[in-house]
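The chain contents come next:
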Amino acid sequence: GAVVSQHPSRVICKSGTSVKIECRSLDFQATTMFWYRQFPKKSLMLMATSNEGSKATYEQGVEKDKFLINHASLTLSTLTVTSAHPEDSSFYICSASPWDSSYEQYFGPGTRLTVT
Amino acid sequence: GEDVEQSLFLSVREGDSSVINCTYTDSSSTYLYWYKQEPGAGLQLLTYIFSNMDMKQDQRLTVLLNKKDKHLSLRIADTQTGDSAIYFCAERGYSSASKIIFGSGTRLSIRP
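Chains as they are written, first to last, in our numbering: chain A, 737 to 852; chain B, 22 to 133.
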């Protein structure tokens with residue numbers, strides 16, 4: 737149990753375009769989902785916390801207008817990178833906490849974004 | 022602020038035990054985690070321990086917590102080539118609104 741999926745696993749887009757990444761909890765309901773960014777050989781950087789039905793809480797330094805987060809249901813959160821630039825190229829990972837055990841956090845497989 | 026520190030690299034001979042160490046600064050840490058990340062993949066939750074526990078064992082994995090010294094370790098018995106990965110230590114406070122704070126990760130390599 738406790739499987740989190742992400743789609744797509746890899747995406748290449750051109751500068752100036754937008755790309756949407758989906759995060760789904762497959763076998764549990766998640767009131768809270770998290771979006772992280774990971775740079776090569778580095779740890780995870782929390783970008784935002786997403787609660788179902790409410791606005792996401794962004795970490796300091798993360799542009800909320802550039803990284804749009806929507807948590808429309810208890811099993812789906814999306815991250816849209818708007819007007820992407822090469823410096824947005826990174827590994828984006830989502831995670832989800834089950835509603836009944838919030839101390840557990842399960843991670844998706846990640847999405848490799850390359851902006852050309 | 023909260024900080025979690027780990028050594029960056031560990032090299033172990035196949036069949037030996039691996040011990041990955043972690044220190045943290047937040048005395049209110051309630052949940053402590055070990056995650057495994059293989060190349061190009063997300064993080065896999067290996068195990069976690071509550072702050073009121075000293076030890077937790079799960080098959081080849083043993084977690085030891087020294088709350089006084091704010092020291093957490095992960096021991097992998099009979100290390101295999103499939104254990105090669107980056108291991109992240111992480112901690113979180115009691116509140117459901119608390120963020121998980123990750124260490125920088127320890128890259129475990131296995132030599133024959």
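Among the hints, a few may not be true.
Stated by the list, open to error - Heads up, simulated SDA-like pairs for lysine to any residue below, C-alpha to C-alpha not over 20 Å straight-line:
(1) B/120 x A/743
(2) B/88 x B/32
(3) A/791 x B/120
(4) A/777 x B/26
Keep in mind that the hints were calculated from the coordinates and are not lab data.
As the structure is a computational prediction, the values presented were derived from the model and not from experiment.
Now the hints, each set against the structure:
1. B/120 x A/743: Violated, because 24 Å separates the two Cα atoms, which is more than 20 Å.
2. B/88 x B/32: violated (27 Å)
3. A/791 x B/120: Holds, at roughly 17 Å.
4. A/777 x B/26: holds (15 Å)
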